[in-house]
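Based on the hints, put chain A with the ligand in the right spot on chain U.
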Amino acid sequence: MVDERTMRALEEKVAELRRLVEEDGVDLRDELTLLEQRLQALRREYYAGLSDWDRVRLARRPDRPRGLTLVQAVCEDFYELRGDRIGGDDPALRGGLARLGGKAVTVLFHHRGTSPEEQRACRSGMALPTGYRKAVRIMEIAARLKLPLITFIDTPGAYPGVEAEAANIAGAIAKSIATMLSLPVPTVAVILGEGGSGGAVALAAADRVLMLENATYTVISPEGAAAILWKDAAAAPQAAQALALSAPRLLELGVIDEVIPEPLGGAHVDPEGTAQAVRDAVLRHLSELEGLPLDERRKLRYNRYRNAGNRGAGAPTG
Amino acid sequence: MPIRRDDRDRYVEVELRRGEEPLWLRCGACGELVFRRRLRENNYICPRCGAYFFLTAEERIAALVDEGTFQDLTLPLESKDPLSFSDRKPYADRLREAKETTGLKDAIVVGKGKISDHWVILAVMDFRFIGGSMGTVVGEQLAFAMERAAEERIPFVFVVASGGARVQEGVLSLLQMVKTVAARELLAEAGVPYIAVLTYPSTGGVMASIASLADVTLAEQGALIGFAGPRVIQQTTGEKLPPGFQRARYALEHGLVDGVVPREGLKEELVRVLDVLEGIPSGG
Ligand SMILES: [Zn+2]
Numbered sequence: 001m002v003d004e005r006t007m008r009a010l011e012e013k014v015a016e017l018r019r020l021v022e023e024d025g026v027d028l029r030d031e032l033t034l035l036e037q038r039l040q041a042l043r044r045e046y047y048a049g050l051s052d053w054d055r056v057r058l059a060r061r062p063d064r065p066r067g068l069t070l071v072q073a074v075c076e077d078f079y080e081l082r083g084d085r086i087g088g089d090d091p092a093l094r095g096g097l098a099r100l101g102g103k104a105v106t107v108l109f110h111h112r113g114t115s116p117e118e119q120r121a122c123r124s125g126m127a128l129p130t131g132y133r134k135a136v137r138i139m140e141i142a143a144r145l146k147l148p149l150i151t152f153i154d155t156p157g158a159y160p161g162v163e164a165e166a167a168n169i170a171g172a173i174a175k176s177i178a179t180m181l182s183l184p185v186p187t188v189a190v191i192l193g194e195g196g197s198g199g200a201v202a203l204a205a206a207d208r209v210l211m212l213e214n215a216t217y218t219v220i221s222p223e224g225a226a227a228i229l230w231k232d233a234a235a236a237p238q239a240a241q242a243l244a245l246s247a248p249r250l251l252e253l254g255v256i257d258e259v260i261p262e263p264l265g266g267a268h269v270d271p272e273g274t275a276q277a278v279r280d281a282v283l284r285h286l287s288e289l290e291g292l293p294l295d296e297r298r299k300l301r302y303n304r305y306r307n308a309g310n311r312g313a314g315a316p317t318g
Numbered sequence: 001m002p003i004r005r006d007d008r009d010r011y012v013e014v015e016l017r018r019g020e021e022p023l024w025l026r027c028g029a030c031g032e033l034v035f036r037r038r039l040r041e042n043n044y045i046c047p048r049c050g051a052y053f054f055l056t057a058e059e060r061i062a063a064l065v066d067e068g069t070f071q072d073l074t075l076p077l078e079s080k081d082p083l084s085f086s087d088r089k090p091y092a093d094r095l096r097e098a099k100e101t102t103g104l105k106d107a108i109v110v111g112k113g114k115i116s117d118h119w120v121i122l123a124v125m126d127f128r129f130i131g132g133s134m135g136t137v138v139g140e141q142l143a144f145a146m147e148r149a150a151e152e153r154i155p156f157v158f159v160v161a162s163g164g165a166r167v168q169e170g171v172l173s174l175l176q177m178v179k180t181v182a183a184r185e186l187l188a189e190a191g192v193p194y195i196a197v198l199t200y201p202s203t204g205g206v207m208a209s210i211a212s213l214a215d216v217t218l219a220e221q222g223a224l225i226g227f228a229g230p231r232v233i234q235q236t237t238g239e240k241l242p243p244g245f246q247r248a249r250y251a252l253e254h255g256l257v258d259g260v261v262p263r264e265g266l267k268e269e270l271v272r273v274l275d276v277l278e279g280i281p282s283g284g
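Protein sequences, first through last, are from chains U and A. Mapping of the first sequence onto this note's numbering: residues 1 to 318, in sequence order. Mapping of the second sequence onto this note's numbering: residues 1 to 284, in sequence order.
No lab work stands behind these hints, which were simulated from the structure alone. Just so we're clear, the structure is a prediction, and the values are computed from it rather than from any experiment. Beta carbons are placed, not taken as given, at the ideal position from N, Cα and C, and that holds for glycine. The reader is advised that the hints may include incorrect statements.
List time: in silico EDC-like cross-link candidates among lysine to aspartate or glutamate, alpha-carbon distance up to 20 Å [said to hold, decoys possible]:
no., chain 1, residue 1, chain 2, residue 2
1, A, 114, A, 275
2, U, 103, U, 63
3, U, 299, A, 87
4, U, 231, A, 87
5, A, 112, A, 258
6, A, 80, A, 97
7, U, 299, A, 189
8, A, 114, A, 268
9, A, 112, A, 269
10, U, 13, U, 3
11, U, 103, U, 89
12, A, 99, A, 72
13, A, 112, A, 66
14, A, 114, A, 269
15, A, 89, U, 223
16, U, 231, A, 93
17, A, 114, A, 189
18, U, 299, A, 185
19, A, 114, A, 264
20, A, 240, U, 163
21, A, 114, A, 67
22, U, 299, A, 269
23, A, 80, U, 223
24, A, 89, U, 232
Label-pair distances were calculated between CB atoms; the ranges are [to be verified]:
no., chain 1, residue 1, chain 2, residue 2, range
25, A, 36, U, 231, 31 to 37 Å
26, U, 303, A, 90, 53 to 59 Å
27, U, 292, A, 69, 24 to 30 Å
28, U, 51, A, 254, 38 to 44 Å
Derived list of chain U stretches under chain A, where covered just means 3 residues or more per stretch with a C-beta under 8 Å from a C-beta of chain A [said to hold, decoys possible]:
no., region
29, 46-52
30, 78-85
The shape of chain U in the complex, shown without the other chains (with noise of 0.2 Å):
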């Protein structure tokens, strides 16, 4: 099992030949590419063996390509809508109109910020009912104009707040749920970084569901997991890992379609090979969607969604 610390090690000293050799003109290429080849294999190494929880850390890492910044790099154009028409705007759950493969689609997005006072007003993607609400008016312009609706999901969770409480959130993502799941128009979710429970399925009542490799999507934080069930925050590592919150694990579970490869070491790495990887990949379920007639894709929706999770329950054995 190869170390964090090894490879990074390794990293910062590939990063100083490489510096040498293009800003010096220092000759040692050579040194530099075996170098680059033994870091290549550390990384395989390493990114095969990623436990769960080393996944859960990719998904928060601030770094990580997401929100505005990723839909632009998706898109060929956005232009963004505010507001629920009922009393607010969510800067924490945002979305509009844009161009995709040459056509316009809607998109919703959770955005959770770069600078630290934009994190603090988008509470690190923790969206409001007034959020969800707007989401909900953003899937009916779908509706109206038929215009596919993609959705990026990245939350830890809905903001629980007394405001929010106030303002009825749990009556704002049953809504949300229900107007995704009647749309008339092809609707993919990607799963970007962190799927936090009712917040994330929230915006995942989709025809297609996508998951980023390093992504999860879970019912609970296994912080929040290892509070309630180990009755002990060390144990966060053990409930992420029996939560089956990964993308392998939910691909196999019949929960997502598709895991969408990210660059070795995570979407950081290289944030425009990430966006067009799910560029690529909502481009190519959106046109199989695009292919089939609607009353058998709103039929295979209802199926997929009536069943889901029939697996887990069975007759009694005695």
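Just chain A with the ligand, lined up with the frame of chain U:
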């Protein structure tokens, strides 16, 4: 003894009962030992302090449905522990214990019965079964219940007692939110009324899906209604919780429910709603 009410909205959790029913039950709020039959006659409300005892699904059904009319339609399903989940204790053991304690296969009972001569399909949750959490079995039973109500064209009544999604079934539990919402659409298409009764507690995933989408929503007095639990809110935000936060009256004041009803008036209130909706769905 008249029932005394106060503003404390007290619910008390009854000790989990195994096997033989004890003759006496102790009120968790005031400590009074109450004769069991006396308690049942009093809707499981403490005659001394007015605290509401948690109801089992069976007790709830007995309190709402006309005697002798209930047909249990609960599907013969049990959790297959799809993640082979284990924390400090294997989920399989928790399931076995819950089954022994409750005599149920999971946290819900589905059936058909009459409420003062109105036929309804009823789904009633049982908090004793792993906190009334919704996993794959509860999701399937709920979807089935709604399909049945749509098919028979009689109202659907859902009595909620749930802390949220079943953690031990992971994302499969989360998907039950989507599943139940999908099935709810069938009721809507059939024009069949759906009445939700929120009791203590109605929180988490069940509340953020099917329980929030009823045509008429009643709250039992004192019910806890919300998404995040009070403890999570305090820990995450450090906010001070206002008095009565997430309780039935708070829910009414904030537009989450249509009415708050004391336990002993619940059946009567349901009858009023069903009376008004007499003949709906029409043309059945
Ligand atoms: Zn008492």
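So, going through the hints one by one against the coordinates:
no., hint, in the structure
1, A:114 - A:275, "holds (13 Å)"
2, U:103 - U:63, "violated (30 Å)"
3, U:299 - A:87, "violated (38 Å)"
4, U:231 - A:87, "holds (10 Å)"
5, A:112 - A:258, "violated (24 Å)"
6, A:80 - A:97, "holds (15 Å)"
7, U:299 - A:189, "holds (15 Å)"
8, A:114 - A:268, "holds (13 Å)"
9, A:112 - A:269, "holds (19 Å)"
10, U:13 - U:3, "holds (16 Å)"
11, U:103 - U:89, "violated (27 Å)"
12, A:99 - A:72, "holds (17 Å)"
13, A:112 - A:66, "holds (11 Å)"
14, A:114 - A:269, "holds (14 Å)"
15, A:89 - U:223, "holds (17 Å)"
16, U:231 - A:93, "holds (18 Å)"
17, A:114 - A:189, "violated (23 Å)"
18, U:299 - A:185, "holds (13 Å)"
19, A:114 - A:264, "holds (18 Å)"
20, A:240 - U:163, "holds (11 Å)"
21, A:114 - A:67, "holds (8 Å)"
22, U:299 - A:269, "violated (38 Å)"
23, A:80 - U:223, "violated (25 Å)"
24, A:89 - U:232, "holds (13 Å)"
25, A:36 - U:231: 31 to 37 Å, "holds (33 Å)"
26, U:303 - A:90: 53 to 59 Å, "violated (32 Å)"
27, U:292 - A:69: 24 to 30 Å, "violated (45 Å)"
28, U:51 - A:254: 38 to 44 Å, "holds (42 Å)"
29, 46-52, "violated (count 0)"
30, 78-85, "violated (count 0)"
This entry does not satisfy hints 2, 3, 5, 11, 17, 22, 23, 26, 27, 29, 30, going by the numbered hints stated previously.
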